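Q: Chain by chain, the residues run as shown.
2 protein chains.
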Amino acid sequence: MNGLQERKIRNIRLTIAYDGTDFCGWQVQKNGRTVQETIEKALEKLHKHPVFLHGAGRTDSGVHATGQTASFISDAENIPPGKFNLALNSILPKDVRITGSGEVHPSFHARFSAVARTYHYYLYPSGVRHPVLRNYCWQVKRQFNLPLLNDYAARLVGQHDFTAFSGPRNEDKSPFRNIHAASFFPMNGFTVFSITGNAFLWKMVRSIIGTLLELEYKKAGPDRVREIIESGNRALAGSTAPATGLYLHKVSYT
Amino acid sequence: MNGLQERKIRNIRLTIAYDGTDFCGWQVQKNGRTVQETIEKALEKLHKHPVFLHGAGRTDSGVHATGQTASFISDAENIPPGKFNLALNSILPKDVRITGSGEVHPSFHARFSAVARTYHYYLYPSGVRHPVLRNYCWQVKRQFNLPLLNDYAARLVGQHDFTAFSGPRNEDKSPFRNIHAASFFPMNGFTVFSITGNAFLWKMVRSIIGTLLELEYKKAGPDRVREIIESGNRALAGSTAPATGLYLHKVSYT
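In the order they appear, the protein sequences are chains A and B. In terms of numbering that gives the first Met the number 0, the first sequence opens at residue 0 and continues consecutively. In terms of numbering that gives the first Met the number 0, the second sequence opens at residue 0 and continues consecutively.
Derived by calculation from the structure, the hints in this document are not laboratory data. Being a predicted model, the structure only gives us computed values, none of them experimental. A few of these clues could be false.
Copies of the same chain look alike in the list, so a pair counts if it fits in one copy or across any two.
[Unchecked claim] Below, simulated DSBU-like cross-link-like pairs (lysine-lysine); rule was C-alpha separation at most 30 Å, straight line:
{"id": "1", "residue 1": "Lys-140", "residue 2": "Lys-40"}
{"id": "2", "residue 1": "Lys-93", "residue 2": "Lys-29"}
{"id": "3", "residue 1": "Lys-217", "residue 2": "Lys-93"}
{"id": "4", "residue 1": "Lys-140", "residue 2": "Lys-249"}
{"id": "5", "residue 1": "Lys-82", "residue 2": "Lys-140"}
Extracted from the complex, chain A is given alone in its bound form:
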């Protein structure tokens, strides 16, 4: 005893939603407001010392999240694991909300324990742009051929070298990624593209969307998707779709 009482250390997992519009992405950087830094500041207030937050997905500037996850080591014994969401939400700005919290095994790591990520991309087929939607989807002035888009999407599934769909400054060690599922479907007036994979290269989802929409506009055959993947040539793929339509929807663990 004598003040040497052992403090209880817990590993806490958070589920997080945010509006990416006013953030320079997830990851802490020198200049610009980030989601990671915003939550770390709130955690520091609760813990009275700095806390490092591991995020599952490093979303870019303008990209949103409905199901981001993150984990941190806590010694705040006064806060029950299931109450971190309320404690944090009372401090956080309104463009970030903690939608759930709980204790996880000490070996859990939000990024390295994740087995799959699902991204959603919201397309809005419209003649006139709607100002209230401008930061939350990609407004495209035409109707889509959904069956053809789904033929393309099916060609993405499987383990491939996705170099042709990576951003110019991609820093990942391996260009191979395993896509579990990919499809387009109508939802609430939007056309949504859902893609699940073990992980994604930098700007991969947005490059895929930009490319598939260009192929569909040109009425290209579905085999063109495999040709582009196999070429490994970014120049053969299409432009990168805007960040505004992209949402980190879910991170899955075993």
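Got chain A; can you put chain B on it based on the hints?
A: For chain B alone, coordinates are given in the frame of chain A:
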């Protein structure tokens, strides 16, 4: 001739959509960015002199529009009436879009010629607040009793003194307004309240929504709506719903 050639004067009507989040409402005021001033500045650029814009509805700070209308007198002969939308959109910031333009009779006035306005109010029944929706609806943590809400809405229809539902600083000469239709319906995951009337008192739609949701929560009988209207007592009505959920949907002319 001798430079005395007569200039052609036309009356132009605009249809306007805007995201009200970063505006201090429609009407020009000394401090703060307004929609009217923003469009007037763009019109001044096109005309090389100041142009006054008459709006149909003076929306408050944070209130959105999908179908606001406005009119102005133009001597810009080089711009066809149906092209003002494109000319203005190339100048305007992205949170305002002109969705249509055309020439109207010289007697047309966006505000005084209007015979009806339709407002939509977007409610989102959810347990957890979604950050991307925070400025575009009212997120209420419960499910709604839609049949009961529609029983209330039906009691609003007709010509009534709506003093009980007016804002504290309402400056309208008469408190009588004629409500043509009012109903709640589900749309794209939202519960939408649509109300059409000849005109509305200040904060009237938001006072109605705040009141009807309180009545529904308390399971009050539908006759309570008429009692509140007839009392003329703002204190008997409920709180004012947030501006974020309100949209000026449509302005109708004969």
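Q: Please go over all the hints and tell whether each is borne out by the structure.
A: Hint check results:
1. Lys-140 <-> Lys-40: Close across copies (28 Å), not inside one copy (41 Å); limit 30 Å.
2. Lys-93 <-> Lys-29: Both, since 23 Å and 28 Å are each at most 30 Å.
3. Lys-217 <-> Lys-93: Between copies only: 29 Å across, 42 Å inside.
4. Lys-140 <-> Lys-249: The answer is both: 29 Å in one copy and 22 Å across copies each meet 30 Å.
5. Lys-82 <-> Lys-140: Between copies only: 18 Å across, 45 Å inside.
Hint compliance for this structure: every hint is met.
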